[in-house]
Amino acid sequence: MQKITLVPKEQFKISIEAETITPDNFAGKSAQDIGAMIAYEGNTPRPLSELFDITVDGSADAADVKIEINGNVARVKRIGEGMSAGEIVVNGDVDMRCGALMRGGSITVTGYADSWVGREMRGGEITVKGNAGFYVGAGYRGEPCGMTGGKITVFGNARDYVGEHLCGGEIIIKGNAGILPGVSNKGGKIIIEGDTDMPGSEMTKGTIIVKGTVTEMMPVYQNEGIETVDGVEYTKYVGDVTVDGVGELFVK
Amino acid sequence: MSELLIKNAVVYDPINKVNGEKMDIAVKDGKIVDSIGNGADVIDAAGRLVYPGGVDAHTHIAGSKVNIGRIMRPDDSRLNNKPRTKITRPYTGYTVPNVYAMGYGYAEMGYTTAFEAAIPILKARHTHEEFEEIPIIDKGGLTLFSSNWMVMDAIREDDLDRVAAYVAWGLEASRGWGVKIVNPGGGEAWGFGKNVAGLDDPVPNFEVTPRQIIRYLAEANEKLNLPHSIHLHCNNLGKPGNYTTTLETFDICKDIKPKRDRQAVHLTHIQFNSWGGNHWGDMESKGDEIAKYMNKNDHLTIDMGQLVFGSATTMTADGPVQYANAKLLKARWANGDVELEDASGVTPLSYHPESYIHGIMWAIGLELALLTEDPWKVLMTTDHPNGGPYVNYPDVVTLLMSKKKREEAMAKIADLTFERTSIATIDRELDWYDIAIKTRSAHSKILGMVEYGKGHLGVGADADIAIYDLKPDETDSTIEYEKVKAALRRAAYTIKDGAIVVKDGEITATPMGRTYWVKSTAPSDAHDRMMADLKMKFKNYYSVNFANYMVQDEYVHNPVIEECGYA
Chain A
216 MQKITLVPKE QFKISIEAET ITPDNFAGKS AQDIGAMIAY EGNTPRPLSE LFDITVDGSA
276 DAADVKIEIN GNVARVKRIG EGMSAGEIVV NGDVDMRCGA LMRGGSITVT GYADSWVGRE
336 MRGGEITVKG NAGFYVGAGY RGEPCGMTGG KITVFGNARD YVGEHLCGGE IIIKGNAGIL
396 PGVSNKGGKI IIEGDTDMPG SEMTKGTIIV KGTVTEMMPV YQNEGIETVD GVEYTKYVGD
456 VTVDGVGELF VK
Chain B
116 MSELLIKNAV VYDPINKVNG EKMDIAVKDG KIVDSIGNGA DVIDAAGRLV YPGGVDAHTH
176 IAGSKVNIGR IMRPDDSRLN NKPRTKITRP YTGYTVPNVY AMGYGYAEMG YTTAFEAAIP
236 ILKARHTHEE FEEIPIIDKG GLTLFSSNWM VMDAIREDDL DRVAAYVAWG LEASRGWGVK
296 IVNPGGGEAW GFGKNVAGLD DPVPNFEVTP RQIIRYLAEA NEKLNLPHSI HLHCNNLGKP
356 GNYTTTLETF DICKDIKPKR DRQAVHLTHI QFNSWGGNHW GDMESKGDEI AKYMNKNDHL
416 TIDMGQLVFG SATTMTADGP VQYANAKLLK ARWANGDVEL EDASGVTPLS YHPESYIHGI
476 MWAIGLELAL LTEDPWKVLM TTDHPNGGPY VNYPDVVTLL MSKKKREEAM AKIADLTFER
536 TSIATIDREL DWYDIAIKTR SAHSKILGMV EYGKGHLGVG ADADIAIYDL KPDETDSTIE
596 YEKVKAALRR AAYTIKDGAI VVKDGEITAT PMGRTYWVKS TAPSDAHDRM MADLKMKFKN
656 YYSVNFANYM VQDEYVHNPV IEECGYA
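As you go down the protein sequences, you meet chains A and B in turn.
For the first sequence, the numbering used here assigns the number 216 to the initial residue and increments by one for each residue that follows.
For the second sequence, the numbering used here assigns the number 116 to the initial residue and increments by one for each residue that follows.
Derived by calculation from the structure, the hints in this document are not laboratory data.
No farther apart than 30 angstroms at their CA atoms in a straight line, the calculated lysine-lysine pairs in the DSSO-like style are these:
id: 1; chain 1: A; residue 1: LYS420; chain 2: B; residue 2: LYS527
id: 2; chain 1: B; residue 1: LYS137; chain 2: B; residue 2: LYS518
id: 3; chain 1: B; residue 1: LYS201; chain 2: B; residue 2: LYS143
id: 4; chain 1: B; residue 1: LYS518; chain 2: B; residue 2: LYS586
id: 5; chain 1: B; residue 1: LYS442; chain 2: A; residue 2: LYS401
id: 6; chain 1: A; residue 1: LYS404; chain 2: B; residue 2: LYS442
id: 7; chain 1: A; residue 1: LYS366; chain 2: B; residue 2: LYS445
id: 8; chain 1: B; residue 1: LYS197; chain 2: A; residue 2: LYS244
id: 9; chain 1: A; residue 1: LYS401; chain 2: B; residue 2: LYS445
id: 10; chain 1: A; residue 1: LYS401; chain 2: B; residue 2: LYS527
id: 11; chain 1: B; residue 1: LYS586; chain 2: B; residue 2: LYS143
id: 12; chain 1: B; residue 1: LYS197; chain 2: A; residue 2: LYS228
id: 13; chain 1: B; residue 1: LYS586; chain 2: B; residue 2: LYS146
id: 14; chain 1: A; residue 1: LYS228; chain 2: A; residue 2: LYS344
id: 15; chain 1: B; residue 1: LYS445; chain 2: A; residue 2: LYS451
id: 16; chain 1: B; residue 1: LYS442; chain 2: A; residue 2: LYS420
id: 17; chain 1: B; residue 1: LYS586; chain 2: B; residue 2: LYS132
id: 18; chain 1: B; residue 1: LYS445; chain 2: A; residue 2: LYS404
id: 19; chain 1: B; residue 1: LYS201; chain 2: A; residue 2: LYS228
id: 20; chain 1: B; residue 1: LYS411; chain 2: B; residue 2: LYS132
id: 21; chain 1: A; residue 1: LYS228; chain 2: A; residue 2: LYS281
id: 22; chain 1: A; residue 1: LYS420; chain 2: B; residue 2: LYS445
id: 23; chain 1: B; residue 1: LYS598; chain 2: B; residue 2: LYS527
Taking beta-carbon pairs under 7 angstroms as the criterion, some of the chain B residues facing chain A (in silico):
id: 24; residue: ARG188
id: 25; residue: PRO189
id: 26; residue: ASP190
Here a beta-carbon is modelled for each residue, glycine too, at the ideal position from N, C-alpha and C.
Model the full structure from these sequences, guided by the hints.
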């Protein structure tokens, strides 16, 4: 077991690109080694030691690394990008693209996760205890696939375009979701326990389950009658028919 | 200016018939010379491979459709990113790199000249604006005449001199080097949502056929005594069964008498036009048929248009084929209309070895190069970025040089590929001399650039030299293909006009290259007839004014102008 604690030394005004903060990078490294790693503040490269107080306890492989971040990192982007194992806990808010391209391990954010959390995630698990921004688990601009594996759980609300271009994996929003969740999805599963609007446009494959209220349906789905999922009755829709989709949309 | 001596070079210079000779190369004032004084800078090549700087006769590096590719592929722009240094600007992109990386990427591989293969006259200013910012390499471009109203109207009236007069004017207006023909007539038909089905299918409203367009432009090309032949992208590209159209097209120019020592026609990316079968289900390779024709005839040259597995961004003036691609693959699609001149389309796609269709395409490119006996007749290209990005040239070279490498690649490709192609039965392995021909010397010869000192290392040639970190005597290219690939990907030295621009694969200097274009003239009576028609068309149809149309000299940096007369 190796435990690394990061505490920001200052209130960051310019966003920090911190894709170096991953268990894979930190595994087996001393506080000094970690401190020498680079994060960009805007276009300026800065060593992590200038940005954070770093304490390291023990040494281990990535799978047994736990990184805990305490303090305000609401302007720190790309935490845990591409990580394959281990654990990151952020006690507070994070900026955009936390857990992007993640392949394994887990990230917990106790506060708000800004847009693109878990973008193009391949595996592993992200838990957001607060709210999440736009494009949860989506594909970044131009990508044919968003998330392809793993699981994202948001305990609060999520904003628009949850799981855009989703190709696999699972997204659970315990609160409400903004407009067009699962737009252009080609696989995977989205469960929205609260309310949402216009789910699943241009969906070709995959599953969306909405337990709350759907304000407006896109008129591109075929009603297939009542079906029971996990003991709950839903109206089942199949579509998007305009793109010959066979995606399944369950609405209460 | 400076002097440079490259000692102990193992030189392959096919134009001067130098085949792996160990020798010294002397450079003075940016040119190759016989000998120089003692004060020269010295590079000890120490028995390493030395080639003339690479020349690419068919690539898409600049212009409006390349930029559309960039705009529609933000995903591509996140690949291969490299921050700026004191010398270089940032790199972005793989299939459609940013303008600067376009030049850096070529130079890193030892290439020093590249020709943009499609300039619509109306959008030529954009091409030159990008040329202006592509560092290091020398550039030129081929101007599109394939679905042009001026050309087709003159053909309808059987006025060859007027066709020639317009070609001369169009080359000047676009500051172009040669005549490019893409799916002749198809671009105009696409304006009505149609395509031309074959060489004798008339173009709507013009009643001229693709065969006539090719024939007239080929004759006009020789009348104008242009350095390059017509450069032709055949009809029916990308359709199973298209090889019959391709073979018919080959015959059209058989009796054209080239005015210079070169081919009568260059047919480009023939891989995409060598398909047998009737539909996708029974598609097969006819690369062997095409190669058989190439072995029997000497009036034409081709380039491979080799497919590289992975991401590609297809871009062409062949509008209808891009619509078909985008529909078939449910891909992104951009469509362009070039007013009276042509159409165009851009579609990103990905080539997968698990697909036998892509496997067959991969095999055809190699068949064309390996079954055609004369290496001067088939250029190595990927039709960047249609078959794959140019940074993969070293990989393609190793496929040509090593059967073992081909077998390794074939193990990952869908089995059906090998029932439909003959690639598995080909034993030929090219040597360093053949590769020098296929990657520089033949490109230069086919373009008409030999007299401009490109593609060779004879006395008087431009001192564009590539030194690769590889000793041909000690390297078995049939087995050590990983080593070959690594060496070709990052040149030990790239020397441009006598100055070192790349050392150990890193850019060390970024001089600006030249732009080559052709100024030709037609008889004044034909020119007058053409101008009357052209002014009428501007008045009635174009969205721009005649006075704002032609590319101004200010846009062309370091121009080199070939002036040629009417014959």
